[in-house]
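J.: What follows is each chain in one-letter form.
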Amino acid sequence: MSSMTETTSAANDERSRKLTAGISEGQLLEVSMGPHHPSTHGVFRMDVVLDGERVVKLKPVVGYLHRNHEKIGENNSYLASMPYTDRLDYLCSLTNNWAYALAVETLAGIDVPERAQYLRVITAELTRLQNHSSVIGFLVQDMGASGTPLMYAFREREKILDLFESLTGSRMMCNYMRFGGCRIDLPAGWLDRAKKVVAGFPQFLDEYENLLGTNEILMARTQGIGALSRELAINAGVTGPLLRASGVNYDIRKVDKYGIYDRFDFKVPLGDNGDVYDRYMIRILEMRESIKILDQAMCDIPPGPIMDPKAKIRGFRPKAGEAYGRIEAPKGELGFYLISDGSGNPYRYRVRPPSFVNLTVLEDMCIGNYIADTIAILGSIDIVLGEVDR
Amino acid sequence: MLGEGIVRGLAETARNFLGSFVSKERLTTVQFPEERLPQAEAARDFPFLVYDGEDWQAGMRCVACQICEKECPPKCIFIEKSKDKKPDALGRAQFYPARFDIDVSVCMSCQICVEVCPFEAIKMDTAFELSTDDRFGGLLWDRQKLALSDAHYHAIHPTDAAHTDELLAAEKAKAEARTKAAVAKASPAPMPQPPAPAAANEP
Amino acid sequence: MTETIDQIFVILKHWLVGHVPTAVEPIVSELLSVVPIILLFPLLFALITVMERKGLGRIQNRYGPNRVGPCGILQPIADGIKTLTKENIVPHSADKVVHLLAPLLLVMATFLGYAVLPVGRNMVAANMDAGVLFFFAVGSMTELSVFMAGWSSRNKYSLLGAMRAIAQMISYEVPLILSSVTVIMAAGTLSTVSIVEQQSGYTGIFPHWFVFTPWGFAGFVLFMIAATAESNRSPFDLPEGESELIAGYYTEYSGFKFALFFLAEYLGMMSISGMAITLFLGGWAAPLSFLTWIPSYLWFFGKLFFFIAGFIWIRGTLPRLRMDQLMNFAWKFMLPMALINLVTAGVWRFMPTGILRWLVCSAMVVAPYVLLGRGFMLGKRLEKRTYRFAD
Amino acid sequence: MTLPFTIIAALTIAGAVAAMSLRNLVHCVLALTLAFAGLAGMYLLLGAQFVGFAQILVYIGAIAILTVFAILLTRGTEPDAFLDLPSAWVSNSVIVAAVFGVLVWAVHSSPLSRRTLPPPPQITVRQIGFALMDRFVLPLEVIGLLLTAALIGAVILAMHEKQAAK
Amino acid sequence: MTIEQVQSEIQSAIPGAKVEIILNPSPSAQHSLLLDHEHVLAVATYLRDVSELRLDYCSNVTGIDWLPREKSEKVKVKNLVEGVEQEVEEVHKTVVPGYLEVVYHLFSVEKKHGPVILRLRTEDRAAKVHLPSLTPIWRAAEFQEREIFDLYGVIFDGHPDLRRILMWEGFVDHPMRRDYVEPDDYEYEPTPHDHVLQRSREESGRH
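Residue numbers (our numbering), protein chains in the order written: chain A, 1 to 390; chain B, 1 to 203; chain C, 1 to 391; chain D, 1 to 166; chain E, 1 to 207.
Check the hints yourself; a few may be wrong.
No farther apart than 25 Å at their CA atoms in a straight line, the calculated lysine-lysine pairs in the BS3-like style are these [stated by the list, open to error]:
1) Lys-83(B) - Lys-70(B)
2) Lys-83(B) - Lys-145(B)
3) Lys-310(A) - Lys-174(B)
4) Lys-254(A) - Lys-111(E)
5) Lys-384(C) - Lys-267(A)
6) Lys-180(B) - Lys-312(A)
7) Lys-267(A) - Lys-128(E)
8) Lys-24(B) - Lys-86(B)
9) Lys-85(B) - Lys-24(B)
10) Lys-82(C) - Lys-59(A)
11) Lys-96(C) - Lys-82(C)
12) Lys-128(E) - Lys-71(A)
13) Lys-86(B) - Lys-312(A)
14) Lys-196(A) - Lys-292(A)
15) Lys-195(A) - Lys-292(A)
16) Lys-257(A) - Lys-310(A)
17) Lys-292(A) - Lys-384(C)
18) Lys-196(A) - Lys-24(B)
19) Lys-71(E) - Lys-319(A)
20) Lys-292(A) - Lys-254(A)
21) Lys-145(B) - Lys-75(B)
22) Lys-86(B) - Lys-145(B)
23) Lys-70(B) - Lys-71(A)
24) Lys-24(B) - Lys-156(C)
25) Lys-112(E) - Lys-257(A)
26) Lys-312(A) - Lys-174(B)
27) Lys-319(A) - Lys-74(E)
28) Lys-71(E) - Lys-267(A)
29) Lys-145(B) - Lys-81(B)
30) Lys-310(A) - Lys-145(B)
31) Lys-70(B) - Lys-319(A)
32) Lys-292(A) - Lys-267(A)
33) Lys-71(E) - Lys-292(A)
34) Lys-24(B) - Lys-195(A)
35) Lys-75(B) - Lys-71(A)
36) Lys-85(B) - Lys-312(A)
37) Lys-254(A) - Lys-128(E)
38) Lys-111(E) - Lys-257(A)
None of these hints come from the bench; they were simulated from the model.
Generate coordinates for the entire structure from the input sequences, incorporating the hints supplied.
T.: This is how it looks when you write it as structure tokens:
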């Protein structure tokens with residue numbers, strides 16, 4: 001297994017040593033980027049050692065936003081953890097809801113009615129749209145584009161958040177899904193509005209590609225930067241657009257076919273280089289696929305109940321046992337691992353956060369690159385500190 | 001050719017620059033204090049206690065069952081049960097909250113209290129401009145501040161409120177039927193237990 | 001009549017100078033040239049900040065500042081009050097004297113450059129024989145103050161920012177000066193006033209601006225790229241690239257000193273635009289012969305306005321380059337192009353006028369541009385990619 | 001001695017003295033820059049615009065920055081302990097004073113100092129240009145060649161270092 | 001492949017490896033394999049590289065704290081009661097010692113199946129909390145094992161960089177343990193706010 005030697009973190013130390021060979025200690029510059037740094041996407045710190053502007057060592061430091069989410073989950077009832085999941089990755093509360101609901105449904109063996117499944121798909125794909133659009137906005141913003149791409153992304157995101165608000169009552173902390181279905185049905189006229197928003201989305205993507213798709217500066221800044229090999233990506237548990245940009249065909253929507261994803265016709269875009277540019281483009285292409293799913297789902301959605309009648313809201317006590325439920329969240333594999341001891345609170349409530357695990361390879365991608373690339377690479381990983389630190 | 005992408009980008013920003021003067025689609029800003037978007041019907045901010053009729057103390061639906069206190073995820077509700085009982089909307093004697101405080105600075109607007117309430121007594125308000133200069137006291141709301149009329153509920157969530165009314169009416173009819181049956185049997189009427197409607201299924 | 005309006009400020013100055021005793025006459029005369037510059041350009045700076053914020057806002061589909069005064073026009077006053085009343089924080093370990101001197105020196109150096117800019121016919125503070133040289137000489141003084149700011153703050157970000165700024169300014173000074181040398185060659189003088197006068201003639205209705213020649217156009221583009229880098233504007237704003245270095249060399253500055261840096265940045269941007277106008281766009285000369293009735297200073301400031309708008313537009317569109325790419329661009333693209341352009345200007349000068357001269361000189365500029373540009377892209381293998389799709 | 005001359009001369013000398021006596025190397029460079037600026041002021045005072053501006057461009061814009069880079073890239077800016085011994089200091093000042101005295105005496109006794117100066121010629125940039133391209137074209141080219149050689153040498157040195165780093 | 005097949009495959013490939021199936025009674029039916037410490041690295045390498053499973057992707061690493069719990073058994077004992085031998089039911093209380101458990105959820109990217117769940121248990125909760133680290137096999141475990149070390153106090157032998165990750169260096173306890181007691185002082189961090197300061201002092205005086 002020769003390739004596997006390169007996937008260990010010892011390889012990083014080896015590379016650091018090589019880069020710093022012949023350089024005295026005093027010539028290296030240690031910079032602590034963060035926790036209050038404009039482009040660390042929250043309170044995140046990178047202890048960087050620089051040789052000139054070249055990164056020779058980088059250690060991510062997290063935990064500034066740690067609130068022991070898992071402990072809170074253990075001390076609360078199953079239902080009461082649902083609003084807390086909104087606060088994990090606060091950009092995509094609906095997919096968090098779904099992952100948690102899926103884990104509890106697996107644990108307790110609850111079915112979800114057809115209409116609720118469609119509602120979940122629609123809201124989750126809308127979440128993916130708004131997450132990806134803001135992420136590429138943030139990424140280009142980090143590369144110094146004065147906010148213009150970000151503002152365009154936010155303009156579109158706002159339309160989707162308005163949809164969320166009129167459906168769930170809140171723009172970001174949606175708290176929408178329940179074990180065995182969804183909380184409330186679509187209000188009148190919602191579907192038409194959503195169709196209009198989705199129909200306008202490709203235009204935004206075209207605009208985005210005009211603005212930056214062939215921009216020489218963007219290409220120079222992103223192509224060949226932070227390349228992540230296939231083997232390392234798999235071994236390090238990297239998921240989501242990062243993994244697919246490295247050319248690995250692994251989309252949980254296709255693999256697990258959770259919910260009703262096997263009913264939709266969509267494709268999984270794959271990159272070949274695994275660099276920042278590929279991650280950027282994969283997100284754009286994924287948005288186009290999400291639009292396809294949304295078109296189909298909003299066309300096919302059947303009438304019917306939105307909650308499983310057997311599902312209990314008060315006094316929900318699943319049988320003792322355990323379950324791991326995972327979905328393809330916009331940032332990667334979001335999993336919830338629950339252990340029930342038969343009481344009203346989970347004995348163990350574990351979140352498998354995609355951005356936290358994806359951060360593992362940050363050093364691998366950054367060593368040898370310039371400090372400005374670090375920012376671009378971090379932006380392309382797409383972390384949300386609410387989820388990293390929990 | 002070098003510079004092509006840059007020129008395309010410049011053309012796009014120019015289009016947006018001009019577009020922001022002519023198209024409302026592009027310039028989506030709402031200038032908040034002067035312009036206000038209508039609030040969505042599903043909007044939720046902080047809970048309030050519904051009361052029927054005019055007097056908030058007499059008409060309060062809450063029976064201090066403390067389910068919401070237990071289920072509240074951030075534990076921001078404090079309830080003290082009353083010593084005595086007062087008649088509720090159906091005329092049955094019920095406890096009432098002697099104290100019902102919500103720490104709004106802790107509340108996370110999750111609506112779980114509304115979902116678990118079997119008496120349709122707590123609902124979500126839509127008022128959001130609640131700033132206060134008192135950091136500790138000003139955000140701890142007592143039952144008087146929390147009590148809002150059923151009419152207010154109808155005004156902010158008409159569909160929801162209509163549905164709630166149906167549920168309550170059905171319950172009332174059931175209760176009346178049971179009382180009648182009990183009277184007909186002329187046996188001592190059992191203490192009517194409020195049946196728990198599936199609150200989660202409300203549309 | 002148009003002549004009077006055109007020269008009104010000159011006449012006014014002479015009239016005022018005529019009323020003071022002879023002993024103080026030279027001092028008063030100089031004061032009357034300097035004070036308007038010191039008053040006018042900071043005022044323009046205030047206007048430009050609000051214009052920039054509103055322009056960027058519109059580019060980004062939002063309003064921009066619109067709360068202070070009608071349409072937010074008084075925003076700079078609010079900003080000014082805010083910065084002036086802010087606490088002046090000096091880091092504990094900073095070199096206090098140098099820390100204080102740096103912004104002062106920077107503003108002084110940028111102001112000096114205005115001395116040789118002819119803002120209108122007969123309107124120049126100092127008509128020097130070596131005006132262009134003077135402009136670049138004082139421009140190079142800013143590097144030192146940037147270093148002082150970055151070094152004295154004793155902050156790693158500041159130092160990195162200062163190092164970047166100096167490396168960038170030195171590298172881009174070379175193409176900047178080389179591209180303006182073409183104009184000096186063509187005009188045969190270093191005096192800004194004579195350079196403008198040489199461009200103020202017309203053929204038919206079209207002006208004799210240097211930008212309307214192949215070498216002039218190429219030189220103008222090169223000059224503007226280098227000028228953008230010199231004034232640390234996007235996409236060359238690495239020294240203060242806030243996503244990497246917080247605010248670069250002025251990270252540790254606050255209050256009034258911070259405002260001075262801000263002022264210097266905009267003053268530098270305006271003065272270098274003014275120099276570009278002087279060298280390539282005929283200074284205060286009207287763009288078409290029948291428009292000469294409009295006063296010359298209005299033309300100058302109108303052109304300046306367009307330059308500023310261009311800077312804002314570019315800032316609203318482009319992401320930032322990386323340090324090594326910036327350097328590569330300066331030394332591997334800008335410098336060869338500037339040298340080729342220099343040769344082209346010489347060829348233009350010695351060829352007989354006619355269509356052939358146009359063709360030869362255009363080819364001499366366009367061909368290396370295409371070749372160098374392609375080499376630049378291929379060397380980095382930059383391309384638009386296609387992607388696979390899996391089911 | 002006019003007032004501007006006095007001010008500029010005082011500044012120049014102060015800068016030069018500070019450049020020698022300050023402890024922090026970066027401060028020394030900044031003081032040295034002041035001396036350079038004073039020198040440029042002198043040139044301007046003498047009506048030699050071109051030389052004055054060239055002095056600013058080259059010495060302040062380039063040499064000072066180069067020195068600063070050299071200091072920052074090679075060593076710390078704070079020196080170690082001050083190692084000078086008082087005896088050396090005393091003997092050094094005696095030598096310096098003696099040299100200065102001899103120079104003053106030589107200048108003062110020379111007939112040149114008693115000659116009346118002709119009015120300074122008004123030299124324009126154009127004349128300097130013609131002179132450079134005409135009479136001094138060979139020295140100019142030689143200097144150009146020398147600088148090119150130095151440039152290439154520097155590039156080769158840097159490339160060598162880069163390869164060694166790899 | 002069922003869990004039993006996986007078990008037998010491991011046992012045949014790695015002689016001496018103890019593999020115990022932990023059944024999961026819930027509807028999810030995600031059963032797991034309990035491994036012994038000595039052979040876990042070999043088993044993991046086998047699962048990743050050699051077997052039919054090709055579990056190249058370790059998704060989730062979870063720490064669990066199982067407190068010592070009382071197990072009551074009703075045992076029929078013969079006793080002499082008032083001189084007569086009688087069969088009496090007695091409740092025997094045995095304390096099952098607590099332990100820390102680490103659960104690995106493995107999937108296969110290549111074959112697109114999973115999860116196969118591995119469990120490792122420490123001997124107790126206090127001193128013998130060492131477990132072999134699986135980070136050399138799956139890099140994905142690096143941060144998650146650090147997190148478990150941080151929050152549960154499991155010491156992973158062979159982990160390249162075992163430091164606290166979410167809590168700060170110098171923090172003493174392991175907050176995700178079930179018997180963790182909050183220090184209850186962080187709510188009143190010192191601020192210029194006099195009132196808060198006062199309360200903070202009172203609080204710290206009490207503890």
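J.: Now look at each hint and say whether the structure bears it out.
T.: Checked hints:
1. Lys-83(B) - Lys-70(B): holds, 20 Å
2. Lys-83(B) - Lys-145(B): Roughly 22 Å separates the two Cα atoms, so the pair holds.
3. Lys-310(A) - Lys-174(B): Holds: Lys-310(A) and Lys-174(B) sit about 23 Å apart, inside 25 Å.
4. Lys-254(A) - Lys-111(E): Between Lys-254(A) and Lys-111(E) the Cα gap is close to 13 Å, so the pair holds against 25 Å.
5. Lys-384(C) - Lys-267(A): holds, 21 Å
6. Lys-180(B) - Lys-312(A): violated, 31 Å
7. Lys-267(A) - Lys-128(E): Measuring from Cα to Cα gives roughly 50 Å; hence the hint is violated.
8. Lys-24(B) - Lys-86(B): Status violated; Cα separation ~56 Å.
9. Lys-85(B) - Lys-24(B): Violated - the C-alpha atoms of Lys-24(B) and Lys-85(B) are around 58 Å apart, more than 25 Å.
10. Lys-82(C) - Lys-59(A): violated, 38 Å
11. Lys-96(C) - Lys-82(C): holds, 23 Å
12. Lys-128(E) - Lys-71(A): holds, 24 Å
13. Lys-86(B) - Lys-312(A): Violated, at roughly 30 Å.
14. Lys-196(A) - Lys-292(A): Distance of about 14 Å is within 25 Å: holds.
15. Lys-195(A) - Lys-292(A): With a Cα-Cα distance of about 12 Å, the restraint between Lys-195(A) and Lys-292(A) holds, given a limit of 25 Å.
16. Lys-257(A) - Lys-310(A): Holds. Lys-257(A) to Lys-310(A) sits at ~24 Å (cutoff 25 Å).
17. Lys-292(A) - Lys-384(C): holds, 24 Å
18. Lys-196(A) - Lys-24(B): holds, 15 Å
19. Lys-71(E) - Lys-319(A): holds, 19 Å
20. Lys-292(A) - Lys-254(A): Distance ~15 Å between Lys-292(A) and Lys-254(A) Cα, so the pair holds.
21. Lys-145(B) - Lys-75(B): holds, 19 Å
22. Lys-86(B) - Lys-145(B): holds, 20 Å
23. Lys-70(B) - Lys-71(A): holds, 17 Å
24. Lys-24(B) - Lys-156(C): Violated. Lys-24(B) to Lys-156(C) sits at ~45 Å, over the 25 Å cutoff.
25. Lys-112(E) - Lys-257(A): holds, 11 Å
26. Lys-312(A) - Lys-174(B): holds, 23 Å
27. Lys-319(A) - Lys-74(E): It holds: about 24 Å lies between the C-alpha atoms, which stays within 25 Å.
28. Lys-71(E) - Lys-267(A): violated, 53 Å
29. Lys-145(B) - Lys-81(B): holds, 18 Å
30. Lys-310(A) - Lys-145(B): It is violated: about 37 Å lies between the C-alpha atoms, which goes past 25 Å.
31. Lys-70(B) - Lys-319(A): holds, 21 Å
32. Lys-292(A) - Lys-267(A): Cα-Cα ~9 Å, so holds.
33. Lys-71(E) - Lys-292(A): violated, 56 Å
34. Lys-24(B) - Lys-195(A): Cα-Cα ~19 Å, so holds.
35. Lys-75(B) - Lys-71(A): holds, 15 Å
36. Lys-85(B) - Lys-312(A): Measuring from Cα to Cα gives roughly 30 Å; hence the hint is violated.
37. Lys-254(A) - Lys-128(E): Violated. Lys-254(A) to Lys-128(E) sits at ~42 Å, over the 25 Å cutoff.
38. Lys-111(E) - Lys-257(A): holds, 15 Å
The structure fails to meet hints 6, 7, 8, 9, 10, 13, 24, 28, 30, 33, 36 and 37 from the earlier list, while all remaining hints are met.
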